[in-house]
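**Q** As a plain string of letters, each chain reads:
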Amino acid sequence: MVPYFGNFALWLSLFFSISQFFISKNNNFKLIKISVNGLLISSLISFFLLMYSHVVSDFSLLNVFQNSHTTKPMLYKISGMWGNHEGSMLLWILVLTIFNYFIFKFYKKNNSKFVSKILETQAFIAIGFILFTIITSNPFERIIPAQENGLGFNPILQDPALAIHPPLLYIGYVGLSAAFSTGVAALKLNDNEKIPWHIYMKPFVITAWTFLTIGIALGSIWAYYELGWGGWWFWDPVENASFMPWLLATALLHSLIIVERKKSLQTWALLLSILAFLLSVIGTFLVRSGILTSVHTFALDPSRGIYILLFTAVLGIYALMLFRKKSQKYFDNNYFAFFSKEGSILVNNVLMVVVCATVFLGTIYPLLIEALTSNKISVGEPFYNSTVIPIIVPAILVMGVGPLLSWTKEDKLKIFKKIFPSILFTGIMTILIFLFYQSYSAIGITGIILAFWIISNNLLMIFKKSRNYSTSMIISHLGVGLLILGITGSSVWQIEKITKMQIEDQIKIEKYTIVFEKIDEIKGANYVALQGNFLVYDEEKNVITKLKPQKRFYPITNNFTTEASIHTNLLRDLYIVLGDGNLKDGWVVKFYYNPLVVWIWIGALVIFFGGIISINNNLNKLRTLT
Amino acid sequence: MITKKIFITFIFISQLLLSNSYSVEPDEILQNPKQELRARNISKYIRCMVCQNQSIDESDAPLAKDLRILIRNQIKDGKNDEEIYKFLTDRYGDFILLKPAFKLNTLALWLLPFVFVLVGIFIVFFHNKKSKKI
Amino acid sequence: MKKNIFIVSFIFFILILLVFFYLLTIERNPTELPSNLLNKNVPKFEADSLIKKEKFISSEEFGNEIVLVNFFATWCRPCLEEHNYIKRFSNEEKIRIIGINYKDNKKAAINWLSKLGNPYSNIPIDKDGRVAIDWGVYGIPETFVITSKGIIKYRHVGPITEKVYKKINLLIEKIE
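Chains A, B and C, in that order, are what the protein sequence lines are.
This note's numbering numbers the first residue of the first sequence as 1 and each following residue consecutively.
This note's numbering numbers the first residue of the second sequence as 627 and each following residue consecutively.
This note's numbering numbers the first residue of the third sequence as 761 and each following residue consecutively.
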């Protein structure tokens, strides 16, 4: 019963998206309203009906059978619904229809033509995704006969951070689709129609950027805590697929500031809005087509890949041709001084695009080589570290000083006077840190200087209390400084100790003494585990904490996992992983002392928080305008 | 459904096999700290062939362990870094290098980022110059 | 000037899409790696033999006729699944097959083969996996086709399937 309704609702949403597409061409308010609402409601229904099927463990549905099991904890029954390819498409569609609804909220008599053009493009995108789902990835497909129980769900995915990671990322991607549609609509306008398209685009870009930030951060947090080797970014193709749209969204965000302020760089911003979403779709392609394998890839089905590729081609060719033909009317040749706020935003834009191009190059290069020469090569972390880091360094330097500059050209001496306190503060903090950690490396110095350069410049702006400085900008930029601090500390000053231990053995790491107390056998909801108990003592022989790393076995899916045990404080993480061994020979244990790691997550959260404030400010502004 | 199938397989196999390893194990570590550091650095650039995007330094797969030990033996035998990389690429091809080699077919890969930066700088100055005239 | 930049970037966009399309439509396995030893000589090695008393010496075993080399182990599940095909190569196609026993237990291997049937003409023991590394092996089972001159012509990673069985037979007919 339920699956039939779910499938029906899915077809219904296809119907509404098609009707929205054609009706918005005619700009009929009442009919558009019906389409938008119909689209939203039908996708809500299909989404919740699939979720219901997962919650009640309806194994007559292939999707539930393949991805669930009666013993799976309820939280993961719910989130597991979108943790697979077919279910995640329903999530994509739902978020798409929600944003579609918000676009429609803009609709007024004086902008009706423009907004219906946005809705037209958005409808086309929705048609593309819904059709894809129905044709190649229908989650309501049945399995006959209905099964008793399911195949279970990969245990390393059963984690709260990972549960919420897809919805947040999709808000990001879909927000970029709304920006794309706004850009296309702006290009489609006739030469005599003047609409401040950037006012409509900005809230979507800010929302997309904010949620891409937190979505990516949660993915890294999950990797750090869950995968057991302390890494949090691997330049995996699918990580890159989320990072590239983020980079362009950052550039777009900043260029919209210039568009707002000086009405210049409009063509550039429009181009960015097209490219950002195109990259999101290409990212979808890389994940779901089977062209690469990665820890993240969902499906290995070339027909899905061909569909998405065609969809990308249609969107891309149409939008880029439109841009070529009609962007001229937005073109300007306004002058801007290099040493000004505008100049620094332009530098940021250029560098973000260059980093994006480099990451894109590294990601697809193995595929290009394979297609052209049948050889396989790897482009791994060392490539990205050697190329991306040198390009980001100047971007960060400019990011420190940019917001302090005025919009027009400024006297260089005046600039120097402004930033002198932060130069001083940066220098002092760098020296202090190096005295503390007693380790000197070029990367370390660079990282610390950059981190405190950002932090001190933003503190300067806070103390100046001038109304010119946007709160959300200061907070987000501060977050970046903290992020860099965390990245530098944890990469450069990490201490690793690997050793074989018998029960009651102890080891010293930094100022801590860690004693291997005992091994337990633990039973969990859907797993059994071997747990090591370690007591951590500080210099005064006080017990700081008890760490309990595990090696788990999930019988339903036949998986082994390692669960690291981590003690966190602001200065460092103590990270223990239990290896193999036995009571006779002892156990291999891996200890990590990770300085400042928590600042990576704090920094990301602060950036996110700044974004939220900006979304709020934007919404307030919109309310007063409309 | 095929989610992470390969990753699961790798964990499963690595845990199930007889000679288990857990990244650099204590009995692999060389006595000479300089040599050990060399071994770690080389290992960080060698891909684990049965993992997703990990180096043999991070991975606990048995093949990764074998290669780590092999590298350490070659260092003890006095081989230099190039010879060790060549030994591995002769057998596994360039795919095993996480840092792509500097070859004809990777010329574009290594040069293009510089080109991108130059193009970026060029665009900024070109736009600036052009608009100054107005 | 701007026009040219646009045209060039647009062409790149289309080219990249075409490359993706090409890769999707050809038959490829994203996880499988082409052997770096193709068209090169068989690696030289000596090892104890599982069943025979004399040592296995590669220069004696290769370079006379077409040979298949199959890396296997008793603990390897896909090796069990493909064993029938290995037997078929030996019994039906009359091809000589050398089985390299990878990181295994001698007794277990002998038992395994006596239970399932031994299709191998000789079985060198690769106790520590060094021979496998010299052959660029990364995931057993792996099967190699060697010409009569001792040149490696083809390598398959993973268990032999019906498709691969046919492919190898065709290849052998071609090199004959």
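Be a bit skeptical, because a hint or two may be false.
Stated by the list, open to error - Which chain C residues face chain B? A few, computed with CB under 10 Å, are given here:
| id | residue |
| --- | --- |
| 1 | I885 |
| 2 | D888 |
| 3 | A892 |
Read the hints as simulated data drawn from the structure, not as lab findings.
Computed from a predicted structure; not experimentally measured.
Virtual Cβ for every residue (Gly too), placed ideally from N, Cα, C.
**Q** Please go over all the hints and tell whether each is borne out by the structure.
**A** Hints, one by one, checked against the model:
1. I885: 15 Å, violated
2. D888: 7 Å, holds
3. A892: Result: holds, 8 Å to nearest chain B Cβ.
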